[in-house]
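Peer 1: Sequence:
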Amino acid sequence: MIVLEEKIWEDYQKEIQKISARSLGIAMTQDKVTKCKKAKQAAEVEASTAKKAVSSATTGLEKAVKGRFGKKVTAAFSKKSRMLVSF
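Residue 32 in this note's numbering is what sits at position 32 of the sequence shown, and the numbering runs on without skipping anything.
There's no promise every hint is true.
To be verified - In silico BS3-like pairs for lysine-lysine, Cα to Cα no more than 27 Å straight-line:
hint, residue 1, residue 2
1, 37, 66
2, 52, 79
3, 52, 66
4, 38, 80
5, 38, 18
What the hints assert, rightly or not - Label-pair ranges, simulated between beta-carbon atoms:
hint, residue 1, residue 2, range
6, 64, 27, 49 to 57 Å
7, 23, 57, 15 to 23 Å
8, 11, 85, 47 to 55 Å
9, 57, 31, 47 to 55 Å
10, 80, 33, 17 to 25 Å
Hints were generated in silico from the structure; no laboratory data involved.
Nothing here was measured: the structure is a model prediction, and the numbers come from that model.
Beta carbons are placed, not taken as given, at the ideal position from N, Cα and C, and that holds for glycine.
Full structure from sequences and hints, please.
Peer 2: Structure representation (structure tokens):
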């Protein structure tokens, strides 16, 4: 009888360990998903900020630099701006 109770107790402890390990795995997975979402949002904010800065620089250079060189600079900044949009 005592042997049977010990066996049941050991099985119970093993199940508790399994449940604890599953819970930890689920928590870690949720933490990873949360961190990925935060990183993606931060990247979007930074890309938006960079796009605004490039757009502002493009506008300023368009007015300041004239001629063929001005057009090349404007085209280069426009290309970078489009790249940031696709990012």
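Peer 1: Could you tell me which of the hints above the structure violates, numbers in ascending order?
Peer 2: 1, 5, 7, 8, 9 and 10
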